[in-house]
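Listed in order, the protein sequences are those of chains A and B. With this note's numbering, the residue at position 434 of the first sequence is 434, and numbering never jumps. With this note's numbering, the residue at position 420 of the second sequence is 1420, and numbering never jumps.
Since the hints were made in silico from the structure, they are not lab data. Among these hints, one or two may not hold up.
[Said to hold, decoys possible] Calculated cross-link-like contacts (lysine-lysine; reagent style DSS-like; alpha-carbon spacing at most 30 Å):
#1 B/Lys1329 <-> B/Lys1352
#2 B/Lys1188 <-> B/Lys1352
#3 A/Lys329 <-> B/Lys1267
#4 A/Lys329 <-> B/Lys1329
#5 B/Lys1059 <-> B/Lys1352
#6 A/Lys329 <-> A/Lys59
#7 A/Lys59 <-> A/Lys352
#8 B/Lys1188 <-> A/Lys352
#9 B/Lys1267 <-> B/Lys1188
The lines below spell out each chain.
2 protein chains.
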Amino acid sequence: MLHAVILAGGSGTRLWPLSRTGYPKQFLTLLGTHTLLQQTVLRLGESVPPDRLWIVTGKEQEWVVRSQLSTLPGLSGDTARVLVEPLPKNTAAAVGLAAVHVRRQDPQAVMAVLPADHWIEHQSAFVVLMQSAAGLARQGVLVTLGIVPARPETGYGYIRRGAPFAAPQATLLPDGQEAYHVERFVEKPDLLTAQRYLASGTYYWNAGIFLWQASTILEEIAAYLPALHEGLEEIAQCLDSDNAADTLAAVYPRLESVSIDSGVLEKSARLVVVPADIGWSDLGDWTTIHRLSPRDARGNALSPTVFDLESENSFVYSSQRTIATIGLKNTVVVDVEDALLICSNDRVQEVKAVVHQLQSRGAEEVVHVSRTVHRPWGTYTVLEEGARFKVKRLVVYPGAALSLQLHHHRSEHWVVVTGVAQVTNGDLECRLQVGQSTYVPQGTIHRLANPGAELLEIIEVQTGSYLGEDDIVRLDDLYQRGPP
Amino acid sequence: MLHAVILAGGSGTRLWPLSRTGYPKQFLTLLGTHTLLQQTVLRLGESVPPDRLWIVTGKEQEWVVRSQLSTLPGLSGDTARVLVEPLPKNTAAAVGLAAVHVRRQDPQAVMAVLPADHWIEHQSAFVVLMQSAAGLARQGVLVTLGIVPARPETGYGYIRRGAPFAAPQATLLPDGQEAYHVERFVEKPDLLTAQRYLASGTYYWNAGIFLWQASTILEEIAAYLPALHEGLEEIAQCLDSDNAADTLAAVYPRLESVSIDSGVLEKSARLVVVPADIGWSDLGDWTTIHRLSPRDARGNALSPTVFDLESENSFVYSSQRTIATIGLKNTVVVDVEDALLICSNDRVQEVKAVVHQLQSRGAEEVVHVSRTVHRPWGTYTVLEEGARFKVKRLVVYPGAALSLQLHHHRSEHWVVVTGVAQVTNGDLECRLQVGQSTYVPQGTIHRLANPGAELLEIIEVQTGSYLGEDDIVRLDDLYQRGPP
């Protein structure tokens, strides 16, 4: 049976200010109506049912993953198999962790490893190809999809193909579809080299999409990364026991941090590449998003709240504000609540450098966290901050609850503006409807929960001498979160 | 004695989105640390004391004017002589209204008419020139300062000088300073004509700065606009009576709406032009602001929250957000809370057209009113709007009070976050400190006042089925405001 393992950890800065260190690309809706993570799941269609779908992610992002999955048909935050890494350890460990889980469920299983933050234009071609590649993987080889290059791209790594792979009779690739041994991996080339690669017809882009049996990749990890393998087997042995979580937390920190490419694939003799012409893109910068977006006759891609006068070849993203543009040329504009990027098209690669420099100048917040922060129970958005007050809008998911908590330095007023709130406020337990409010004095134990079936929204007005997020004492938490 | 009459009515769209129909250019801090209105007052220095300073403005803007004056040394919202036009009637009526007030105070007075929204670089040269021109005005002529053109500008009207004016011995102009009869006014020229004007040395820019005795200009209004003069004298006769306000309100609507230039000056034989080389600008568009702002080595003028990488000749204004710019060329960026303009330098004249088009598409709010709205008692800022709730921050000036009012369709929660509030809430009268709150149910008569000496800030959370500003019944108002 085919399992899918979606790697949804990691962070990125090249799509700042829409993406943040704490809210990377895979969680964004960049093209179409779903986030890239959701599209990665939807793309699988019926080829992988929910009980064979695995998502590997980090602690910080578990709840964003669950909430994004829960809105997809047939999935819920609980049924999805979300594997949470205690800390990021690069792709070899993430793939290995998924492999021990998949192997436990089905020792013969083939797993497709898929990045959560890429774009694939030709969805059905991809699914057909994946199933063929899964057939190859059942022969005990490691399969990678090699993207047929569309241009002399200098931003990707390449795979050089070797001799044709003699697929056993049982493995049918689609008509005309070939498979090759891999001769070698090559790093990002310069432009001349990339042009030579393109002309040769024997190089492919490395998209990080792999198919193999869980048991095969674990064998290869054992061969080339024996220490990692030992750690993974230690985790595997405890999966059914009560201390599975403790073992994971104890073992993971000492695992080797290396990519599956350089740790295993570049050394393995069992690697096969299947050429893939599926309209793939890594959506690595704003001009790529621009190229893949619907454009007007002048080549502009503009959000609905943009009013434009004769701009050309420009990309203007607005989250909600009115933007007027007049006579822009070859320009990227990305406007979100707390930050704005305006960049010449030919310099979008420098966004990363700018983010690093902003960070070094102390603009931590606009680099890491957007005005809306995601939590297991919902989200909060800071509406206004003064010297001694802060105003937030909290959205609490149906059935969710914030931790039972107290603050030493601030008081809070809550006004319900949508839905119903269940409130613990010292000795008082009450239910608040729209327009009702409560006051939580400094030092009082309190909890906010949503007992209803629709979203709960409250406006929280904090007053006090210190308003940092770390002034919180958690006494009980549905999501096992500890101190701040 | 020299009086100053500052014309602070009018509205403008060319500096959108910083300026709005309801908050025009004269109230903005565009260069330096004061608003243009404040700079117009400060520029007078000691040549015009507060009791000879008059501001003519509209009903809507009276309180902004008073609050901006009140922060200047020696002035307060009460001592400034603010003349409020019941409705805008162009400059002939505004000048005439000021003239009857000035004449009542001193029948021989000379008044300088000054637009509130211009820039004058050479302040002391301006003051010296104004005093000389006042000397000429005492001879019974109408004096206009003619700005010595610095470039072949096509955006201004020009004044063609005639024969030298033979100033009586008593009137001393500074060494080398001349005065001429005015031959004619000319409209905005095309570029070739403007180049010819510049080369001739006999044309000046019409900056709308005039000096004359109040009695002289009223004589000339009588000669060329007799109906307007009749109305003004009707207002003048009642200035000392109890029904001064009623007379103004009754007479003003029927006054002729014409500029002082075309209604009087272009016809008068008593007009004299004094050439002025004072670094004048009308700050009519964003590239002008850019040109007059301090710039870096690449020609950029950037707000402190802008992080730039190698842009050139660009102007980036940010009210508070972080903006990253990379490789911009010749671009204007103006970022305010609810709107963003990005415009090629060579097309800033089209901002006006864009604003009109935005308006015709129903973006009324971003055209007329910014997120922060000025009221006689202070300001309010909308922090968030939902379907059935709205969150505002209110700032109430010391000693000010909102009207005694009620709302039919909404309830309000108030949380004090700065200062002290005096609250009327139905039968309840109470004083609220920081962190305290009250709830005003729908239909309850209420009032908010600031009894303290510092600003009062409250967070107001409104809930209800209808949240429009027009759901207000005013029962009593310090500022004599009627229904919405």
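The hints, checked one at a time:
1. About 22 Å separates the Cα atoms of B/Lys1329 and B/Lys1352, which keeps this hinted pair within 30 Å; it holds.
2. The hinted pair formed by B/Lys1188 and B/Lys1352 meets the criterion: a straight-line CA distance of about 17 Å does not exceed 30 Å.
3. Note on A/Lys329 and B/Lys1267: the hinted pairing is violated, with a Cα-Cα distance of about 48 Å set against a maximum of 30 Å.
4. Note on A/Lys329 and B/Lys1329: the hinted pairing holds, with a Cα-Cα distance of about 10 Å set against a maximum of 30 Å.
5. For the given pair, B/Lys1059 sits about 24 Å from B/Lys1352 by alpha-carbon distance, which is consistent with the 30 Å threshold.
6. Pair hint A/Lys329 plus A/Lys59 does not hold up; C-alpha atoms about 42 Å apart against a cutoff of 30 Å.
7. Proposed proximity of A/Lys59 and A/Lys352 is supported: the alpha carbons are some 24 Å apart, at most 30 Å.
8. Distance check on the hinted pair: B/Lys1188 and A/Lys352 sit about 48 Å apart at the alpha-carbon level, beyond 30 Å; violated.
9. Distance check on the hinted pair: B/Lys1267 and B/Lys1188 sit about 19 Å apart at the alpha-carbon level, within 30 Å; holds.
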